[in-house]
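Protein chains in written order, with the working numbering: chain A, 1 to 207; chain B, 1 to 207.
No wet-lab data here; the hints were simulated from the structure. Being a predicted model, the structure only gives us computed values, none of them experimental. Take these hints with a grain of salt, some might be off.
Stated by the list, open to error - Distance condition first, Cα-Cα at most 16 Å in a straight line; then the derived EDC-like pairs of lysine to aspartate or glutamate: (1) A:Lys146 / A:Asp133; (2) B:Lys38 / A:Glu90; (3) B:Lys39 / A:Glu53.
2 protein chains.
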Amino acid sequence: MSAKPIAGPEIERLIQLLARLPGLGPRSARRAALHLIKKKEQLLVPLATAAAEAADKVRVCSTCGNVDTADPCSVCTDPRRDPGTIIVVEDVSDLWALERAGAMSARYHVLGGTLSPLDGVGPEDLNIAALVDRVVSVANSENAVKEVIIAVNATVEGQTTAHYLADQLADTGVKVSRLAHGVPVGGELDYLDEGTLAAALQRRSDF
Amino acid sequence: MSAKPIAGPEIERLIQLLARLPGLGPRSARRAALHLIKKKEQLLVPLATAAAEAADKVRVCSTCGNVDTADPCSVCTDPRRDPGTIIVVEDVSDLWALERAGAMSARYHVLGGTLSPLDGVGPEDLNIAALVDRVVSVANSENAVKEVIIAVNATVEGQTTAHYLADQLADTGVKVSRLAHGVPVGGELDYLDEGTLAAALQRRSDF
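Bound-form chain A, shown alone:
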């Protein structure tokens, strides 16, 4: 690889920034930059505008930790959502994934990560105290939270965090639940790990 840049500095800068996106390496960033340049009016100019507008408008919701262009976010202010159910997720991407599934019309709470003592992430680094406050503050109102669904990843860190959360919420009296383990829909048994298969057998349901 020669170190000299192939194109002008503005193009090189665009390539460098695109290469920092997840899912794009140096080679695909170059391809993406070239695609943007070739479709300048349809893609590059709109992207510049959209990125500037998003940067200007984006807010972190002070209630739940979601990102949106309004604070409180559109999920927190949606009157059709059940205020009695809060789904706790690690990250905004998990919130988006659950919204795509469209299975529940609940509110959310974004932790911003998981407890990880090895990486120095303790309870005070996550959005946990705000969750307990949120549950306690509405305890005797008509918007009282009835159930907190802990929807963290099924990793060791996720499960540690889930146990800590359940402990913290124990005194509030709300029901605390978590996602089911089992065979993914469309999944083939042969490709699943032993833990998942054991959980699916153990928690089998009547046919």
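Given chain A, work out where chain B should sit, using these hints.
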């Protein structure tokens, strides 16, 4: 999939535009957008600026068809490059790939595609006449072109285009060559197609 947008319109617009980049689908575009939003100052704001600057500055080189922020491009104006050799490529991405290889310090000519009668792409749709003009115009000067290397893809369309180009250049008297066929460096014979193996055997060199 619910049709309703998950986040504000500015964020949705950013996701939609990112999803149109090669290598990013709808899901990875959402992940990329979220990454940009989370790193607003380090990534989203610089990307907006870089995209706007690139859109403002980018030019198609009127000599060779390369994209750059100058016209003629930095390759065409580089005095250290041999003006006697022109490497003909299909696309700017091929020019970049050959520059990364750094094997020759020549000039380029970007065709902008390949002949494809089925898709209605004829010689007049490609940057072919300009190549012949370019060769003819300097014929008796000190910058006379001595060799045109046809570096198109080893596809049917590429080879058809190569033959057409060789015909067009026949009267100019310049040497016309093309890339070698053979075993890719690091390639395993077992995974190569018959055509490549036959070519590698036929064009074998002395050890």
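Now for the hints, and whether the structure bears them out:
1. A:Lys146 / A:Asp133: holds, 14 Å
2. B:Lys38 / A:Glu90: Judged against 16 Å, a Cα distance of about 14 Å means the pair holds.
3. B:Lys39 / A:Glu53: holds, 15 Å
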